[in-house]
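**Q** Below are the chains, spelled out letter by letter.
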Amino acid sequence: MNTTVTDPAAPAPAAAGLTAASFKSAYKPIWCPGCGDFTVLSSVTKALAIMGVPPKDCAVVSGIGCSSRIPAYTTCYGFHGVHGRSLAAATGLKVARPDLQVLVAGGDGDGYSIGGNHFLHACRRNVDMTYLVMDNHVYGMTKGQPSPTTEPDWDSKLSPGGTGVRVFNPLVVALASGANFVARAFAGDLHGTADIIARAMQHPGFSFVEILSPCVTFRPEQRDWRKLVHPAEVHATDDAGRAARRLMTDDGLNIGVLYAGDRPPYPASVRQPRCSVAELEAEFAL
Amino acid sequence: MAQALQMELDAAQRYNDFADMMETHNNAEVGQWFRKMALIEGKHATQIMAEMGWQQAPVLPASAPVFEGFETPETAPIDEVHYLMQPWHVLQLALANEERAERFFARLASVATVDSVRKAALELQQEEHEHVELVKAWMLKVPQPDSDWDHDPDPPRYDD
Chain B
14 MNTTVTDPAA PAPAAAGLTA ASFKSAYKPI WCPGCGDFTV LSSVTKALAI
64 MGVPPKDCAV VSGIGCSSRI PAYTTCYGFH GVHGRSLAAA TGLKVARPDL
114 QVLVAGGDGD GYSIGGNHFL HACRRNVDMT YLVMDNHVYG MTKGQPSPTT
164 EPDWDSKLSP GGTGVRVFNP LVVALASGAN FVARAFAGDL HGTADIIARA
214 MQHPGFSFVE ILSPCVTFRP EQRDWRKLVH PAEVHATDDA GRAARRLMTD
264 DGLNIGVLYA GDRPPYPASV RQPRCSVAEL EAEFAL
Chain X
2 MAQALQMELD AAQRYNDFAD MMETHNNAEV GQWFRKMALI EGKHATQIMA
52 EMGWQQAPVL PASAPVFEGF ETPETAPIDE VHYLMQPWHV LQLALANEER
102 AERFFARLAS VATVDSVRKA ALELQQEEHE HVELVKAWML KVPQPDSDWD
152 HDPDPPRYDD
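Just so you know, the sequences run in chain order B and X. Sequential numbering of the first sequence, starting at 14, is according to the numbering used here. Sequential numbering of the second sequence, starting at 2, is according to the numbering used here.
Isolated chain X, as found in the complex (with noise of 0.2 Å):
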């Protein structure tokens, strides 16, 4: 539970990391849907910490079983966004987050030794899996942004 606890730590301030970055490069639009996407993670971590009754985030063992990448499986890679990405963008990028959730705790299940842990691997696999179809719904209701949303008429690199 301190892993899953961590993970909607650290995919809550990714997204206020990446709505600040839009804010900052004027794609307000992004910028609110990254901030949403913070609260909705920053809500899974109270709800944890609400189940588990602890007042702060516990620190996780060394021995913590490894995740795939570098960081934890919901947070998106900080080069995974474009400064002129879309809402369905944002949505892709939240889809891939969950997906390698839940691959996390079906791996945890899997390798787990003792009962109690494999169970809450289980559940938490659900949960993730949930929040895959929840995400998968969202984008059937958001526009697919067009071949060339990432033409810049004034683009930064210099070519002259």
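Isolated chain B (complex conformation) (with noise of 0.2 Å):
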């Protein structure tokens, strides 16, 4: 299955002297042996190398989880924050900095769970930056504990039959909070998730873009989902609602672009300030 986008839309071959290795930091990853997240970091740097960006015009930004190391993986810039919080660190660095190509990171706990409140807004603010969530339906580092896309029958130790619990959509909530681009990809896919987040970067303002990148630790039935999952039979669609219906029947395996608004990015410029910093300490002076 080539899932590899071939329409003009898509981004051009590697700028001269770049190249995925470019990006690949000297340092090894300590993730489990399998483990998706290798895939999608070499993923990440081919699309930096098709974007053409250096490395010193681009910043990565991670919360907390195996998927928030990846920042030191990598020869850009890199925040490796506080849990849940990658979002907001990562708009304060574009307003003020919107020079850099920022790139954010995580999983679905950091994203979605405790995250999930910088999720909506930062959709919301539709601030030019891409959003690349690395999904297993698990807390993995933290040892395979429930997250929100946990399916509500996933039987463990910890929830006895399964949660009951009804899952997260994480696409249809980012297309509903108004995020301009909303994709989903998988890990096994590396290519075809190369040019997904190649063309989210190069959209403007928040791309969204929903990894499945399998835990073979804690979810090893996870190796299945590269004979599950299958190219979106659609191509992408800028009208919201559309892809609202298409998201709201998606069975969450579905790959490629599924939203590409028109929607203008929050402006980038930080406004002049009114005072100097020195004027405004003056008025809280003791």
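I should point out that these hints are in silico values taken from the structure, not numbers from a laboratory. Watch out, some of these pointers could steer you wrong.
DEER-style ranges, computed between Cβ atoms [stated by the list, open to error]: (1) B:34 with X:111: 33 to 39 Å; (2) X:145 with B:154: 41 to 47 Å; (3) X:119 with B:70: 20 to 26 Å; (4) X:112 with B:241: 44 to 50 Å.
Taking lysine to aspartate or glutamate pairs in the EDC-like style, the calculated list, with each CA pair at most 16 Å apart, reads [claimed, not checked]: (5) X:44 with X:11; (6) B:240 with B:264; (7) B:240 with B:292; (8) X:137 with X:100; (9) B:69 with B:112; (10) B:240 with B:252; (11) B:41 with X:21; (12) B:156 with X:100; (13) B:240 with X:81; (14) B:240 with X:21; (15) B:41 with X:24; (16) X:44 with X:128; (17) B:37 with X:155; (18) X:37 with X:11; (19) X:37 with X:52.
We put the CB at the ideal spot given by N, CA and C, even for glycine.
With the hints as a guide, bring the two chains together.
**A** This is how it looks when you write it as structure tokens:
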């Protein structure tokens, strides 16, 4: 199955001098052998090479979790922040430094659980950045608890018989909150995922890419995802209503760009302050 | 030939990635095996470049034939490894890779409409078949793991 994007909107081949290897740091990831995040890292570095953005002009911001270790494995600037707060830090960074390509990365626990509120408002603000969530339907780093995207009948010692709670649907929530680009990818499809990430980075505004990334240690059954995922049967739409109908009936295994809107991004330039920092501090002097 | 080259390059990269994983997780013996496989695939790639007179790998056209699964045929899926795997498993993985590559070139030969492409595909299929036989012979020399090879007395799963 080849999901490499071939339409005219797809990014051009790698800029001269920059290859995927240009973006991989010397640190060897400590992820479990077989983890989907390895290929996500390869997809990210390939996408950055396609974009032709030098490492010095790119920042990768993350929270906490296995997938949030990714900044250290790239040669870009990195910020490995606190649990669930990557989008807040990234928003501040992008507004202060609109010249930077800002990539935010994390997992389903970091992004949809503790970081859920930041997720809503990052979509709403539509600041120009790309958010990658490596979703493995489990809290991996803390050894296998259910996450917001865990199936309600997933049996575990902590939740015998499953949580019984309906899953969180991040693509629907992202669309409804105002994300300008919504896509799903699969970690096992290195080149297809790289294309989707590159398109997400090219698209103005807040781009959200959910990447199904199997956890071989705590969800070994997710090895079956590579047999179950399938390319989306339709092209990306810019009609939010149509996208909403698609996403509400989505089977969670549809991969491709599902929505590419045309909302203008949040103004990147910081308005000129009305007073200096010293003048502001003087107001609070005792 | 560009596809054959890409297959070898992708395979070498993946074997190197697996070697890194194993070294990080203290399975040094298997790490060395994967390095060896990466070296072999790298040599195949160098051979193709030399035969074609290429200085660097050409970019595959978007119309290149689709492979089985998501990646090039000789690239093992990333989740096929296990931190406790043994050398025999490395060869088992390599065998599956070479068999997939053989099937790919067989299919390419059967659908090719240009004679020169069909001839090249058949030659490459034969080459991959030789690799399959080599790996099978190698597997006979390596001890098979016990049935409880993946038993970990200190497992990572938190059950309490």
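**Q** Checking one constraint from the list: CA of residue 44 (chain X) to CA of residue 128 (chain X), max 16 Å. Satisfied?
**A** Within the cut-off at roughly 14 Å; holds.
**Q** For the pair supplied as a hint, residue 37 (chain X) and residue 11 (chain X), is the alpha-carbon distance within the 16 Å limit?
**A** At roughly 15 Å apart (the allowed maximum being 16 Å), residue 11 (chain X) and residue 37 (chain X) satisfy the hint.
**Q** Quick one, are residue 41 (chain B) and residue 24 (chain X) close enough, alpha carbons at most 16 Å?
**A** 9 Å, holds
**Q** Can the restraint linking residue 137 (chain X) and residue 100 (chain X) be considered satisfied, given a maximum Cα separation of 16 Å?
**A** The hint holds at about 11 Å.
**Q** Residue 34 (chain B) and residue 111 (chain X), beta-carbon distance inside 33 to 39 Å?
**A** 36 Å, holds
**Q** Within a Cα-Cα threshold of 16 Å, do residue 240 (chain B) and residue 81 (chain X) meet the stated pairing?
**A** It holds: about 14 Å lies between the C-alpha atoms, which stays within 16 Å.
**Q** Verify the proposed pairing of residue 69 (chain B) with residue 112 (chain B), using a straight-line Cα cut of 16 Å.
**A** Satisfied, since the Cα-Cα distance of roughly 11 Å is no more than 16 Å.
**Q** When you check the alpha-carbon spacing of residue 240 (chain B) and residue 292 (chain B), does it fall within 16 Å?
**A** 62 Å, violated
**Q** How does the Cβ-Cβ distance of residue 112 (chain X) and residue 241 (chain B) compare with 44 to 50 Å: does it lie in that range?
**A** 27 Å, violated
**Q** With a cut-off of 16 Å on the C-alpha distance, tell me whether residue 37 (chain X) and residue 52 (chain X) pass.
**A** Status violated; Cα separation ~23 Å.
**Q** Going straight from one Cα to the other, do residue 41 (chain B) and residue 21 (chain X) come out at no more than 16 Å?
**A** 7 Å, holds
**Q** So if I understand the rule, the pair passes when the alpha-carbon distance is 16 Å or less; does residue 240 (chain B) with residue 252 (chain B) pass?
**A** 30 Å, violated
Hint check: violations occur at hints 2, 3, 4, 7, 10, 12, 14, 17, 19; the rest are consistent with the structure.
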